[in-house]
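**Student:** Since the structure of chain B is already known, use the hints to place chain V on it.
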Amino acid sequence: MRTGVVLAGVGGQGVLTLSRVLGEALLDKGYDVRIGEVHGLSQRGGSVVVFLRYGDRVYAPTVAPGEGDVMVALELIEAARRIRYLRRGGLAVANRLVLPPPMSGEPPSIEDLVESMRRAGVRTVVVDGMKVAERAGSSLSLNMAMLGALVATREIDLELSEAENAVRRIFKGRILEVNLAALRGGYKALKELSEECEG
Amino acid sequence: MVKHVIDGEAGEVKLLLGNEAIARGALEAGVSSATAYPGTPSTEILESLASVAEKYGVYVEWSANEKVALEIGIGASMMGLRAIVAMKHVGVNVASDPLMSLGYAGAVGGLVVVTADDPNAYSSQNEQDNRLYGVHSYIPVFEASSPQEAKDMTRDLFELSEKYATAVFLRSTTRLSHTRGPVRLGDVREKNKAAFHRDPARWALLPPYNLEKHGEAVRRIERLSRDLESFPYNRVEGEGDVAIVTGGVAYNYVKEALEKLGIGAEVFKVSSTYPLPRGLALRALRREKVIVVEELEPILEWQLKIMAQEEGASSKILGKEFFPRVGELNTRIVAEGLARALGVEYSEEEPPKVDVQLPRRPPTMCPGCGHRSTYYGVWLASKKLKVKPIYPNDIGCYTLGFFPPFQMADLTWSMGSSIGIGSGIARFSDEPVIAFVGDSTFFHAGMPGLVNAVYNGIPLVLVVMDNSITAMTGHQPHPGSGVGPLGEPRPSVKIEDVARALGVEHVKVVDAYDVRGVRDAVVEAVEYARAQRKPAVIVSKRPCALMVAREAVKRGVELPVYVIDQEKCIKCGVCTDRFACPAIVKENGVYRILPELCVGCGVCAQICPVKAIHVGGERR
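First to last, the protein sequences are chains B and V. With the first sequence counted from 1, adding 498 to any position gets you my numbering. With the second sequence counted from 1, adding 8 to any position gets you my numbering.
Looking from chain B toward chain V, a few residues come up when the C-beta cut is under 7 Å (computed):
#1 G521
#2 Y557
#3 G564
#4 P599
#5 P606
Negatives, chain B to chain V, calculated, CB over 12 Å:
#6 D626
#7 I654
#8 E662
Straight-line alpha carbon distances no greater than 27 Å define the calculated BS3-like cross-link-like pairs of lysine-lysine that follow:
#9 V:K328 - V:K313
#10 V:K328 - V:K297
#11 V:K392 - V:K542
#12 B:K527 - V:K268
#13 V:K562 - B:K629
#14 V:K542 - V:K516
#15 V:K619 - V:K392
#16 V:K268 - V:K297
#17 V:K619 - V:K594
#18 B:K629 - B:K670
#19 V:K391 - V:K516
#20 V:K63 - B:K670
#21 V:K562 - B:K670
#22 B:K629 - V:K594
#23 V:K516 - V:K392
Calculated from the structure, these hints are not laboratory results. Glycine is no exception: its CB is placed at the ideal position from the N, C-alpha and C atoms.
For reference, chain B alone in the conformation it holds in the complex:
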């Protein structure tokens, strides 16, 4: 069994770091992991997608279209752009944020994007990752807030404490504290959201 994770966002939002923390945490757990990254020009404010696959034995570094199980997206246009990598019935966890590309005219609204993803057959949950990150101490911790939300969905085999351990190993000092707070905040935000839905 293998699980395919799609990580989407805009260059500079921290998608690569998010994939690295998630990868380290899953590796610690004894899984085989492959992370397919793209570097270079794409980082200059462009559209970024990273693939992470884990399981007992993983070969392919990329999630082929229609094969992903879960997506975590730091921005909603990018979430919508990359849902083709998810299977029907897959889950997308997206940050409540639309960053319109420069000179692109009026962007689609948050509601339009989320509804169109749902119409396409993808379960979609939206959390306010920016709010969580700012509360944790820095908007730069958005990626860790979204990782927390992803962990809370229980779509990947990872406990919050295991994600925390990976964060502790990778970061130091104040950045570590902010990132841990963001991770926990994102986890809590999604939990509360799902309780609301159930309730």
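**Tutor:** Relative to the frame of chain B, chain V by itself:
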């Protein structure tokens, strides 16, 4: 985060990029020399070796271009030392001259040339398949499928290189170089001792020795084709009626595609792509049907078909008629191709698709980027002169001038070509030709074009976009940067000095943020080139804004933040639509500067027609 990642004790397992794994393999092999010119997807190989260079005593060099990088490696090999040379696929074109001689003369100390190819051309002008260079140069080509294998194979290739007295190609692709996977580290071997291997009859490629060397190269490849059957990274796995021959990253897709299809096959995982080991090929050719799965060009397929013909094998060899030659593969494409080749039913549902129109998001120049203000100044000059210049452009972040609103890249070709091709156009054009080139690209391949323009009287205006670093690949230093790969001080070669030394009489240095200064310099240069029929050079300088911003954060320096005075703003849109700084947005009809993106360059304040922009915003 790149720091020291490849350091560690034997037995330790690390989540490494393919490129980091290659670097670790070289380290374990006792590499003495590592040279490269940065280029995606190859850059992290040298970067990660640089991070441990002091500890392990490895000579690490960012070379001026790939040709020099390879030549340094050849020199180190002649000294009996192990050397790794890394470059992106198109870099091998630049290094191809010494490479062809290397195929004849071979190596003493193990010499591994890494070519990092880019199927799908994610960060490149083409997706050329450099496995063909192996055929062309008589240098054997090897491919790994995973970071662990890349590490182990790199280590062992130094040994093989010395045993056969040949350089070797390690061919990677974006999906290996930029894939992270667990890698178990091994022991670090001692380095070879340095001593020049004097052998003029071997190294001086003069007649008749060179014909002899050609013969030796042919025989060496034949010998490798025999011996590599037992190369430990070539494997035959699984059982079934058909043989599948594959290698590199494609092997991974084959493994998972077979699982998906629920089909058994005898999978030949070929890691020595060229020469294809004859014994291994013959084993595959025992099957009636042989399917070859490889990305890009049919290199394995051609070799197999030739051998089948030579050996009188009757197997049906299927390949590129079922798998695309353009773009990269994935598990789905391979599963579909295999199903068609095998005549089995296979279908997958259409992937989900949204029904709203999504805006494109091409990469953009960063807030505070000196390229943007330079383009703006050049655009102003063209308005003032009432001309429609032709804009040959080159390879670097400034290539983004292709996109609206600037659209100032009429061509981008290969490193330094803006000057050469621009000269060809300028020789025959009535409109002025204004070429753009970056600082690193200028040192890499721009100088011959410029001296040629001087000598031949070409009225070319060359604007050097000098941000003092190789920015696009992640800030590697070059001969103008004033620092070496470890950040240590180095001489800094000034581009304006080089231009003057090459014979350019009209050389102006401007501050890239000084939009009017750029404009006036361009007006002057265009008039000069037109009147004198000579080239003119403008060096537009500003350190990369990304680097400046990072440095400020590191030092705890607060950069100023600009703000728009809403009472003065006439909503003309110049700052967003004509200047296009990503830090300036229009929200519900109101223009606003995003404090989290503004780096305080102040160029927007210069270009605002009503001076509505000033310092005074608050950073969040």
